[in-house]
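Which chain is which? The protein sequence lines are A and B, in order.
FYI, in the numbering used here the residues of the first sequence are 1 to 137.
FYI, in the numbering used here the residues of the second sequence are 1 to 371.
One or more of the hints may lead you astray.
[Claimed, not checked] Some, not all, of what chain A presents toward chain B, calculated at C-beta under 7 Å:
#1 R33
#2 T85
#3 D86
#4 T99
#5 L108
#6 Q110
#7 A121
Since the hints were made in silico from the structure, they are not lab data.
Even glycine gets a Cβ: it sits at the ideal position worked out from N, Cα and C.
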Amino acid sequence: MTGTPDRAAQPRAGAPLTCLLVDDSPVFLTAARTLLERQGLRVVGAAGTAEEGYRLARSRSPDVVLVDIALGTDSGFDLAQRLATDATTAGTTVVLISTRSEDDLAELVQASPAVGFLPKAELSARSVLSLFGHREP
Amino acid sequence: MGDEARAGDALRRLVEAQATYRRLASLVAEGAPPAELFQAFAGELGELLPRGVVAMSRYGEDGKLHPVGTWSHEGDSSGTDAAMAPVTARPGGQGPGRPAPGAGAEPASPGPPATVQVPIEVEGRPWGAMAIWSADAALPVDADERLREFASLMATIIANAGSRAALAASRARIVAASDEARRRIERDLHDGAQQRLVSLALALRAAEAKVPAEDAELRSELSAVADGLTELLDELRSIARGVHPAVLDTGGLGPALRALGRRSPVPVQLDVASGRYPEQLEVSVYYVVSEALTNVAKHANASFVRVEVAVHDRALHVIVADDGVGGARLQAGSGLVGLRDRVEAVGGSLELHSLPGGGTSLEALMPLPGS
Ligand SMILES: Nc1ncnc2c1ncn2[C@@H]1O[C@H](COP(=O)(O)OP(=O)(O)OP(=O)(O)O)[C@@H](O)[C@H]1O
Ligand SMILES: [Mg+2]
Numbered sequence: 001m002t003g004t005p006d007r008a009a010q011p012r013a014g015a016p017l018t019c020l021l022v023d024d025s026p027v028f029l030t031a032a033r034t035l036l037e038r039q040g041l042r043v044v045g046a047a048g049t050a051e052e053g054y055r056l057a058r059s060r061s062p063d064v065v066l067v068d069i070a071l072g073t074d075s076g077f078d079l080a081q082r083l084a085t086d087a088t089t090a091g092t093t094v095v096l097i098s099t100r101s102e103d104d105l106a107e108l109v110q111a112s113p114a115v116g117f118l119p120k121a122e123l124s125a126r127s128v129l130s131l132f133g134h135r136e137p
Numbered sequence: 001m002g003d004e005a006r007a008g009d010a011l012r013r014l015v016e017a018q019a020t021y022r023r024l025a026s027l028v029a030e031g032a033p034p035a036e037l038f039q040a041f042a043g044e045l046g047e048l049l050p051r052g053v054v055a056m057s058r059y060g061e062d063g064k065l066h067p068v069g070t071w072s073h074e075g076d077s078s079g080t081d082a083a084m085a086p087v088t089a090r091p092g093g094q095g096p097g098r099p100a101p102g103a104g105a106e107p108a109s110p111g112p113p114a115t116v117q118v119p120i121e122v123e124g125r126p127w128g129a130m131a132i133w134s135a136d137a138a139l140p141v142d143a144d145e146r147l148r149e150f151a152s153l154m155a156t157i158i159a160n161a162g163s164r165a166a167l168a169a170s171r172a173r174i175v176a177a178s179d180e181a182r183r184r185i186e187r188d189l190h191d192g193a194q195q196r197l198v199s200l201a202l203a204l205r206a207a208e209a210k211v212p213a214e215d216a217e218l219r220s221e222l223s224a225v226a227d228g229l230t231e232l233l234d235e236l237r238s239i240a241r242g243v244h245p246a247v248l249d250t251g252g253l254g255p256a257l258r259a260l261g262r263r264s265p266v267p268v269q270l271d272v273a274s275g276r277y278p279e280q281l282e283v284s285v286y287y288v289v290s291e292a293l294t295n296v297a298k299h300a301n302a303s304f305v306r307v308e309v310a311v312h313d314r315a316l317h318v319i320v321a322d323d324g325v326g327g328a329r330l331q332a333g334s335g336l337v338g339l340r341d342r343v344e345a346v347g348g349s350l351e352l353h354s355l356p357g358g359g360t361s362l363e364a365l366m367p368l369p370g371s
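Given only the sequences and the hints, what does the whole structure look like? Please build it.
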């Protein structure tokens, strides 16, 4: 059999977890989308800037928004803050991602409204789902 | 001995006095501003003129002389225009001007000149002029020559101060340019190679997910390549951090230094003043703490390190103190000497206190801009 979507990728019976990617690197967006979809998540959008990410988060109401910390001239922390304070998106789970060291960023992630951090190299449906499961109610 | 002869001898002594030169030169070395230097110069000169006035002026961009300051026994040292009015000498000129009304000097009666003025030339170029005049006595006949010697001493000191300032500015530019280059390299690595490698690793994981479950061999081969890529990424990430600590840009010194503390094998007690500082200072503080903690881990055999970053008197103070073996020395070509160069380039100072058996403390002091 070929790789079937991971059962764990379905937080609600029958419905895959939906996620939005926000990253200024197009090559990363493509790779991440392919991987997450293949592993059973539904990627409802990919944004290259904080502004576009904010717009898509409002219009597509994803379960999870994966936000790159270094968004070109924008800061992923600012976007996380904006999503948390906007009534429309306040319920969305935000996960920060970066190629930079988790150890360096831990304190800033802790202080942000994001549920957690994922090093980009460790991105997978499983790791996203486990952070989604650990979000505060 | 008449007033005239006494003043002449005294002027000569003054010019020849090593002590005077040393006093003035050390003021220059401390980076005293021109106005303060002038006050010191004029004070030395004025000691010899019972009711004398000394004035100095400097050529401006407009090619005209502008007052630097005046000095007199009455204590009306200043840089007022009225006091500087008599300074009209052109470079190379030597004709005495007239004392300014209200500058504490009365025009002398006919006889030997009561006012003498000479140009100051720095490295062959006209810099300004220096003038003296006396309220109650004629100036010594050789006052012109003596003042000229004095002006040339002044010129040497100004020239030295100029090259010192130019050297300091060039050092600061070199460090700033190297920081900027390192920031760019880190950014290029992050935006380029690291994103591409991460993407390749994810693409491999995606391919892995498509491998039929029965082909365990291919699956494990792909998995091994993906693991190798992840290790390579870790390596690249630590290289990038060594090139430039990007966390400084995002979060400032607090998070950056706490991350250093977490990586230290020796327990660190950290006390960092909150707030953001100019980029170059934050980077310098980071390198001081980073190198000091590396040294503690490598050499100190310590059980404890204290790191403190505080602001006193418009300067950043950094202390890294351990309770280890001590006996550290600054030696050519090593980490600590490089740190001293960097700290001095931003106008600061670095001190090492390290007696054998008494632990080591490294202290850096870096002035904040505008101080
Ligand atoms: N905290 C310390 N405790 C004890 N000895 C120290 C300490 N820091 C430095 N030293 C001693 O002082 C010397 C000079 O330190 P420095 O950092 O300049 O050079 P290094 O650490 O040997 O080399 P580099 O920093 O270039 O890798 C060290 O070789 C070591 O012997
Ligand atoms: Mg060292």
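Query raised in the report: Any hints this thing doesn't respect? Which numbers, in order?
Result: Hints 1, 2, 3 and 6 not satisfied by this model.
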